[in-house]
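In the order they appear, the protein sequences are chains V and Z.
Residue 245 is where the first sequence starts when you use our numbering, and the numbers rise one by one after that.
Residue 245 is where the second sequence starts when you use our numbering, and the numbers rise one by one after that.
Hints listed in this document are in silico derivations from the structure and should not be mistaken for laboratory results.
A virtual CB, placed ideally from N, CA and C, is assigned to each residue, including glycine.
Do not take every clue at face value.
[As the list claims (entries may be wrong)] Straight-line alpha carbon distances no greater than 20 Å define the calculated SDA-like cross-link-like pairs of lysine to any residue that follow: (1) V:Lys508 / Z:Glu506; (2) Z:Lys361 / Z:Gln511; (3) V:Lys508 / Z:Gln511; (4) V:Lys485 / Z:Thr289; (5) Z:Lys502 / V:Phe280; (6) Z:Lys508 / V:Ala503; (7) V:Lys409 / Z:Lys409; (8) Z:Lys409 / V:Lys485.
[What the hints assert, rightly or not] Here are a few chain V residues that face chain Z, going by a calculated C-beta distance under 7 Å: (9) Ser290; (10) Gly292; (11) Gly339; (12) Leu452; (13) Pro490; (14) Glu506; (15) Tyr510.
2 protein chains.
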Amino acid sequence: MSKYTNIPFVKYSATGNDFILIDNRSLGLTSEDADFFKRICQRRTSAGADGVLLIEESSKHDFRLRYFNADGSETECGNGARSAAHFVFSHGLPGSKMSFVFGEAVYEAEVDGSWVKLKMPTPRDLQETLGIVKENGFDEGGFIYIGVPHFVLFGKKIADLDLQKWGPEYRQHAAFQPAGANINFVEVLGDNKLRVRTYERGVENETLSCGTGCVASAYLAHLKKRTRYPTEIMTRGGNLKVSKDPQDQHFYLEGEVKAVYEAKFYQ
Amino acid sequence: MSKYTNIPFVKYSATGNDFILIDNRSLGLTSEDADFFKRICQRRTSAGADGVLLIEESSKHDFRLRYFNADGSETECGNGARSAAHFVFSHGLPGSKMSFVFGEAVYEAEVDGSWVKLKMPTPRDLQETLGIVKENGFDEGGFIYIGVPHFVLFGKKIADLDLQKWGPEYRQHAAFQPAGANINFVEVLGDNKLRVRTYERGVENETLSCGTGCVASAYLAHLKKRTRYPTEIMTRGGNLKVSKDPQDQHFYLEGEVKAVYEAKFYQ
Numbered sequence: 245m246s247k248y249t250n251i252p253f254v255k256y257s258a259t260g261n262d263f264i265l266i267d268n269r270s271l272g273l274t275s276e277d278a279d280f281f282k283r284i285c286q287r288r289t290s291a292g293a294d295g296v297l298l299i300e301e302s303s304k305h306d307f308r309l310r311y312f313n314a315d316g317s318e319t320e321c322g323n324g325a326r327s328a329a330h331f332v333f334s335h336g337l338p339g340s341k342m343s344f345v346f347g348e349a350v351y352e353a354e355v356d357g358s359w360v361k362l363k364m365p366t367p368r369d370l371q372e373t374l375g376i377v378k379e380n381g382f383d384e385g386g387f388i389y390i391g392v393p394h395f396v397l398f399g400k401k402i403a404d405l406d407l408q409k410w411g412p413e414y415r416q417h418a419a420f421q422p423a424g425a426n427i428n429f430v431e432v433l434g435d436n437k438l439r440v441r442t443y444e445r446g447v448e449n450e451t452l453s454c455g456t457g458c459v460a461s462a463y464l465a466h467l468k469k470r471t472r473y474p475t476e477i478m479t480r481g482g483n484l485k486v487s488k489d490p491q492d493q494h495f496y497l498e499g500e501v502k503a504v505y506e507a508k509f510y511q
Numbered sequence: 245m246s247k248y249t250n251i252p253f254v255k256y257s258a259t260g261n262d263f264i265l266i267d268n269r270s271l272g273l274t275s276e277d278a279d280f281f282k283r284i285c286q287r288r289t290s291a292g293a294d295g296v297l298l299i300e301e302s303s304k305h306d307f308r309l310r311y312f313n314a315d316g317s318e319t320e321c322g323n324g325a326r327s328a329a330h331f332v333f334s335h336g337l338p339g340s341k342m343s344f345v346f347g348e349a350v351y352e353a354e355v356d357g358s359w360v361k362l363k364m365p366t367p368r369d370l371q372e373t374l375g376i377v378k379e380n381g382f383d384e385g386g387f388i389y390i391g392v393p394h395f396v397l398f399g400k401k402i403a404d405l406d407l408q409k410w411g412p413e414y415r416q417h418a419a420f421q422p423a424g425a426n427i428n429f430v431e432v433l434g435d436n437k438l439r440v441r442t443y444e445r446g447v448e449n450e451t452l453s454c455g456t457g458c459v460a461s462a463y464l465a466h467l468k469k470r471t472r473y474p475t476e477i478m479t480r481g482g483n484l485k486v487s488k489d490p491q492d493q494h495f496y497l498e499g500e501v502k503a504v505y506e507a508k509f510y511q
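Same shape as in the complex, but just chain V:
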């Protein structure tokens, strides 16, 4: 019997970005349990996921959310926030609208069946970084921070791109150290349609979709390629939508999430 025996969790998939969701209100898991988060995220030898989401108490909002990547590092995560909203609504939050503290920001979410719409923190720290973009023949791009640092590159035939090669190339680029960045490769498919593939810091691999990466990509596509909102985003795991409210100027990320199973950890 370890400290983690019988911990209950729910596995979520949000367009293929997958999470272990834990109600941490009475468990008291902290960053000191990073080894457990790493272990349960291992595919094949354990449950397997991109990261672990913890639901905690908040005095001012409906709950507080924490997210630990598969490598144990703590960050924010758009698809994770959508999954957490669905979990909390499914487990008894009275209304379908909620607000929660996540990292440095307050997020708002609205759940409608399996569809979750998430109000994103305001993008900041835009950097042109065009020199870095052009180093390898990409034609446009830039850096933006939306809860997570993101570098966005525009190119052609993104579907065939070797992300095992190009992801680490930029992930480890001196310009983004020491924090690093998620690296998004974007192809403009139409005036409100993008294809996005993301190499994620902390997972250190391509994930099937990255929510904050899709918002970063839509933001830079609008700036650099004059695409329109709402922007439809095709990811390897499914489709997401990014919109911008013309009044409050906030960005919204929306799409389906799926609760896969509920479980108790054995070891």
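Using the hints, position chain Z against chain V.
Relative to the frame of chain V, chain Z by itself:
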């Protein structure tokens, strides 16, 4: 609510070869549910596993076992049989020794904590197939059937071999059609020690370990390379042991298994 909502299962890992284990005695799942088996085996978008094991009633033995690969095809599986033995013992079989019907054969197993020893079906259909082995510079090998068709190749520096290239090359070789074969790449590390990596038919990818593949590899290493039993096998997922009983001449596969979590499927 689908037919599969609330199906209980346990996830197992046997040296990294991972399984969804379902007590099928009252559920009545059959090969007609192959789409469900494929779906739940998908990593990221669902639970994720190499295959699904079904425990069923047997009139003559302790139980009957069926195994469906991640692609929905039915076969036998050594690491799966070891996990099933552990599951059945953990869920109330009185003794730690058991026999069960699996495919064409009767298997016997003995459970000691997390250690499971499995008596294998008798190897048959040995074929030298040396021409195929030498096509790409491998120095020895052959074909053997142990519940599953296996092709074994001996080479050097197997740890660095590109299985995404070499696995499909032999998996799709005309000599093994239409049934195909699991392809095992073997390096002799000592007179009773091997390194084995397996590209699995039905998973259509490398798995972290393959139980029947380890027995096939030990069998052919003894024949071709004069290695001794018991043979220690290093796989990417952990160590397994293959022995041969000097009296009954049966082969035994043994090693640890790990129950990761118990769960109810949601969708």
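Go through the hint on leucine 452 of chain V and say holds or violated, using the shortest Cβ distance to chain Z against 7 Å. Result: holds, 5 Å to nearest chain Z Cβ.
Hint consistency between lysine 508 of chain V and glutamate 506 of chain Z [alpha-carbon to alpha-carbon, up to 20 Å]: Holds, at roughly 5 Å.
Chain Z contact restraint for glycine 292 of chain V - C-beta distance below 7 Å: Hint holds; glycine 292 of chain V Cβ to chain Z Cβ min 5 Å, cut 7 Å.
Quick one, are lysine 502 of chain Z and phenylalanine 280 of chain V close enough, alpha carbons at most 20 Å? OK: lysine 502 of chain Z and phenylalanine 280 of chain V at ~16 Å, within 20 Å.
Take the C-alpha atoms of lysine 361 of chain Z and glutamine 511 of chain Z, compute the straight-line distance between them, and say whether it is at most 20 Å. Violated, at roughly 35 Å.
Closer than 7 Å between Cβ atoms is the bar; does glutamate 506 of chain V clear it against chain Z? Give me holds or violated. holds (5 Å)
Does the interface hint hold: is tyrosine 510 of chain V within less than 7 Å of chain Z, judged Cβ to Cβ? holds (5 Å)
Serine 290 of chain V as chain Z interface residue, shortest Cβ-Cβ below 7 Å: holds (5 Å)
For the pair supplied as a hint, lysine 485 of chain V and threonine 289 of chain Z, is the alpha-carbon distance within the 20 Å limit? Judged against 20 Å, a Cα distance of about 19 Å means the pair holds.
Would you check whether glycine 339 of chain V satisfies its interface hint, that is, whether its CB is within less than 7 Å of any CB in chain Z? violated (22 Å)
Can you confirm whether the C-alpha distance between lysine 508 of chain Z and alanine 503 of chain V stays at or below 20 Å? Roughly 11 Å separates the two Cα atoms, so the pair holds.
CA of lysine 409 of chain V to CA of lysine 409 of chain Z, is that 20 Å or under? holds (17 Å)
Hint compliance for this structure: hints 2, 8, 11 and 13 are not met, and every other hint is.
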